[in-house]
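Asker: This is what each chain is made of:
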Amino acid sequence: MSALDELYRQVILDHYRSPRHRGSLKGPHIHAEGLNPSCGDEFSIDLIINDGVIADVATQGQGCSISQASGSMMTEAIIGHTPDEARALTDTFKRMMGIEEGESPLDPEKPGSVLGDLEALQGVKKFPVRIKCADLPWTTLADALDRSDA
Amino acid sequence: MSALDELYRQVILDHYRSPRHRGSLKGPHIHAEGLNPSCGDEFSIDLIINDGVIADVATQGQGCSISQASGSMMTEAIIGHTPDEARALTDTFKRMMGIEEGESPLDPEKPGSVLGDLEALQGVKKFPVRIKCADLPWTTLADALDRSDA
Amino acid sequence: MTDLRHLRSDFPILGREMNGRPLAYLDSAATTQKPIQVLDAVDDFYRTKNANVHRGAYALSSEATDAFEGARAKVASFINAGGPNEIVFSRGATTSLNHIAYGWGLNRLSEGDRVVLTIMEHHANVVPWQLVARHTGIELVYLTLDDHYEVDISGLSDLLDERVKVVAFSGMSNVTGTLGPVRALVDAARSVGALVVVDGAQLVPHAPTDVQDLDADFLVFSGHKMLGPTGIGAMWGKPERLEEMEPAEGGGEMIADVGLYESRWAPVPHKFEAGTPPIAQAVGLGAAVDYLEAVGMERVRDHEHEITGYALKRLADVPDLTVYGPGDPERRGGAVSFSLADIHAHDIATVLDEHGIAVRAGHHCAKPLLRHLHVPATARASFYLYNTLDEVDRLVDGLLDARRVFGLNA
Amino acid sequence: MTDLRHLRSDFPILGREMNGRPLAYLDSAATTQKPIQVLDAVDDFYRTKNANVHRGAYALSSEATDAFEGARAKVASFINAGGPNEIVFSRGATTSLNHIAYGWGLNRLSEGDRVVLTIMEHHANVVPWQLVARHTGIELVYLTLDDHYEVDISGLSDLLDERVKVVAFSGMSNVTGTLGPVRALVDAARSVGALVVVDGAQLVPHAPTDVQDLDADFLVFSGHKMLGPTGIGAMWGKPERLEEMEPAEGGGEMIADVGLYESRWAPVPHKFEAGTPPIAQAVGLGAAVDYLEAVGMERVRDHEHEITGYALKRLADVPDLTVYGPGDPERRGGAVSFSLADIHAHDIATVLDEHGIAVRAGHHCAKPLLRHLHVPATARASFYLYNTLDEVDRLVDGLLDARRVFGLNA
Ligand SMILES: Cc1ncc(COP(=O)(O)O)c(C=O)c1O
Ligand SMILES: Cc1ncc(COP(=O)(O)O)c(C=O)c1O
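Protein chains in written order, with my numbering: chain A, 7 to 156; chain F, 7 to 156; chain Z, 6 to 415; chain P, 6 to 415.
Everything labelled a hint here was simulated from the structure, so no lab data went into it. It cannot be assumed that every hint is accurate.
The calculated lysine to any residue pairs, modelled on SDA-like cross-linking and capped at a C-alpha distance of 25 Å, are [stated by the list, open to error]:
(1) A:100 with A:33
(2) F:138 with Z:321
(3) F:138 with F:58
(4) P:79 with A:137
(5) F:132 with P:161
Just a sample of chain F residues kept apart from chain Z, beta carbon distances all over 12 Å, derived [unchecked claim]:
(6) 12
(7) 20
(8) 26
(9) 43
(10) 55
(11) 57
(12) 83
(13) 87
(14) 90
(15) 106
(16) 120
(17) 136
(18) 148
To give an idea of the interface, some chain F residues facing chain P are shown, with a C-beta separation under 7 Å as derived from the structure [to be verified]:
(19) 10
(20) 14
(21) 42
(22) 45
(23) 46
(24) 56
(25) 70
In this text, all values refer to a predicted model and were calculated from it rather than measured experimentally. Yeah, the Cβ is synthetic: ideal placement off N, Cα and C, and Gly gets one too.
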């Protein structure tokens, strides 16, 4: 597979074209917005945390397939988890992408076992300019969780 | 004679150290000020024109030996002359210095015959950075004469 | 075809490979590449003449000053200015526009005065006026674009009254390639005595420019967009306007005298050049101007018309591709913005990059325009004298590959 | 002696002849010469990486961005800043001081507020405040120099009250070599909550600088005075101050969003860097910093102390020569201003130029100081790492020849 085809895997295009948990939430929720000023990509997130668990999530935004797909996959990965688990996931993701230091957490023998669909974003690592695209939703999530003090 | 000794001839040093017609004039006079902003040299001139003739002149200023000597010699050269003669002299001087286009007006056979002491300033031509020093008093004079409408 | 292919060897970077393919640099609206003639001029300046300018009483400093002022004279004659003193060097078009907004605007405009802009302005011709508005209460008024991507001047006469003090517009849009309607806007401004500021960042590099014909009050442009170094640009101003304008920056070299509480300014243009100027960069810009003049600005323009026309024709064959900009290559510049199906502009740029093709993606520092066009980002190819028709073909092939990668039929 | 003679071959221009003699360049306070390492870094950037920064979605632009941001990181670590984001690139010290005066002063100061300066300030730290005073009504207050050419801080406590909002001063005078009394002025400013701005144009190039120790709010300096290219400089700011400061220039790259009438700014430091920055020049400054670090700033300082000490000693033997500046070489910088008998400074410079020696003559952009010293112009020799004791000997010989030319006994 060429680097391009590895970058734009089917699962990524699918999340880009049909983003999950799209929209906004009513009621007591946490809201955060992220912007990548250099390219103009935008991402915002609403979270509802009930009984210490992320009960619902909705996102809005515009931008490239990488940022939007990363955000869509993120929503699926965090829903039903505690804020601390979401934080841990954020770290795992950032380590996989080389954004944070540390060994890649993935198991090369069993693709998909650690981060599920998100592992498809590994192809972005060959495109350093695009890493911040994949990162935007996660930085916005981290910001939201910080605000919640949860 | 070295270029330096040609530049700083005795007559120039003499005018520098004992400038002629130094001071200011009272009564109906024309006043103009000149400044060379890059080096800070200053020169100002007072003229009294009676019956179409420059009857008196006085200058003030500070600056290098070239600008001050040029101004001192200028006063001697213009006093008693009409404004038009002073303008013509200015042109002759500027042509000698290569500031204005045209053949040098000097007679190499008879040094001093055209511009008197002022011909000593020819040595400045070898020092292009200093030409504007020699020119400052003359530009100020031209300015004064323009104001007088004489 | 005005074949300028032989010039390519003057540009070392064009020999580079990018992702395994020869580099096709289609981003000259952002910044241009530099010929060795410019690089050598800069290098030679540092190696043989470097000293600070204007202040020196020694020969080296006077050589440096001559080189710097010589560059000013070259730039002046390049745009047919009345003389070198009508040229003020700056860091670039942005700084020059800020100088005008602050130096002229902050000192001479007040509450209720209006500045007319167009919706296609680069942020460099929007934000400085917004900053000055904060301090003065001036109002910004925008002309919009019509369906053909031309500045809509139909409402212009209604808009004109004595409140309009400045009309400031781009000579050519860096997004749509739209040419500013210079004649109409200058006449309109004159009819109410308003100042005319032309942002020539995309104009001066690409076509012969004659400020006598233009008849504006100010024209600004950047060296790095016309083969020159980064860090240098210029403002041309009408002598009367330069006289009446206050300096926006204070410091050394721009003064006649400095007192403790007040100062007097040096003559134009020096009063606008506070501090040590970008000396070597001005020398480089002078060399860039020499280079462009040797090629001939008519040829530069003709070459770009040809390549832009070819690009518009070939892009029309790519399914689901929309070009944002006028269709007639003779009536537009060589910045070609487009979108392709549902593929985001950044993804287009990434695919093209893999093909060795450099295009820009994003809002191109023109957010008001992109909002007006209802598109968050476009991809943009832009051309200069070193580009070839082959590179356009490669662009089209790259776009077809983007369709493939995104699962669209090619 | 910290012998740095071997470095001279890195500086091509130092091999040049001037008026038939080897060039003795004693004007580094005006601008410094550039080593090949810096020239090569700039040239290489243009030949292999040139693209606009931040905006690109292609690999070349990301290489350019990495080079530019890498330079920011180098500059940050050179002055021990908390991180790269504390560094704002500009055209030079003058522009940075204007940014502070406009960005902070114009927006946060008002009538009756006071800015404390010293009489030894360069025009770059005087005129911007005067310009801002026109729009705000702030008052400028000056500390003077005592008989030993030291800043007189005896009246400081009387002067301090809640009206004092800014204390801005030079780390080292470019005329007298006087070091700004950093500790006393920072403490004084802190006691009334005033902002501290240090003009480091002559400080940062010549001695190790640690902004953590300095404890100011802002520090500015110019690349061309520290072996770097012209057209680049930097401002360091405390993070809190950078956050609260408004941008002085508007344009592309400094925004988060641009509306028709209002905009939001990008994060620090980008909000202060409108438009295309001096990209290649930043890369060159990064290389200059690498060079200085390889030599070691302690050695640079020690070398200058030594050469300045030797110069002060030798100049004392020239009859009728007056040095304007502190006598102890360890307590001053390497700018040595002097007058000689009744010979005007320009005439001194001309005579020395004939000897191949480049010194500056004039008011050195410090008219308030020269008025205070009651001297219309001085000649100034200033030293850097590439100067030698031989050059000092040649300076002294030249001065003796000036006496001869002016008919004074040698
Ligand atoms: C139309 C237009 N104006 C102004 C600018 C700003 O130029 P610079 O970034 O060189 O200051 C640009 C460059 O992007 C431009 O395209
Ligand atoms: C003390 C001081 N401050 C500021 C400046 C201004 O620096 P620049 O001309 O590089 O902006 C200088 C340079 O002459 C200086 O010596």
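Asker: State for each hint whether it applies.
Answerer: Hints and how they fare:
1. A:100 with A:33: Violated, at roughly 30 Å.
2. F:138 with Z:321: violated, 63 Å
3. F:138 with F:58: violated, 29 Å
4. P:79 with A:137: Cα-Cα ~23 Å, so holds.
5. F:132 with P:161: Violated: residue 132 of chain F and residue 161 of chain P sit about 51 Å apart, past 25 Å.
6. 12: For residue 12 of chain F, whose nearest Cβ neighbour in chain Z is about 16 Å away, the distance exceeds 12 Å, so it holds.
7. 20: At about 22 Å from chain Z, residue 20 of chain F clears the 12 Å cut-off, so the statement holds.
8. 26: Its Cβ never comes within 12 Å of chain Z, the nearest being 26 Å, so this holds.
9. 43: Residue 43 of chain F is in fact no farther than 12 Å from some Cβ atom of chain Z, at 5 Å.
10. 55: holds, 28 Å
11. 57: holds, 36 Å
12. 83: Given that every Cβ of chain Z is farther than 12 Å from that of residue 83 of chain F, nearest at about 27 Å, it holds.
13. 87: holds, 30 Å
14. 90: Holds, because the least Cβ-Cβ distance between residue 90 of chain F and chain Z comes to about 28 Å, which exceeds 12 Å.
15. 106: Label holds. Min Cβ-Cβ 17 Å, cutoff 12 Å.
16. 120: The assertion about residue 120 of chain F holds, with a minimum of 28 Å to chain Z.
17. 136: violated, 8 Å
18. 148: The claim stands: residue 148 of chain F keeps its Cβ more than 12 Å from every Cβ of chain Z (closest is about 16 Å).
19. 10: holds, 5 Å
20. 14: With a minimum Cβ separation of about 5 Å from chain P (threshold 7 Å), the hint on residue 14 of chain F holds.
21. 42: Given a least distance of 10 Å, the restraint on residue 42 of chain F is violated.
22. 45: Result: holds, 5 Å to nearest chain P Cβ.
23. 46: holds, 5 Å
24. 56: violated, 34 Å
25. 70: holds, 4 Å
Comparing the model with each earlier hint shows violations of hints 1, 2, 3, 5, 9, 17, 21, 24; every other hint is respected.
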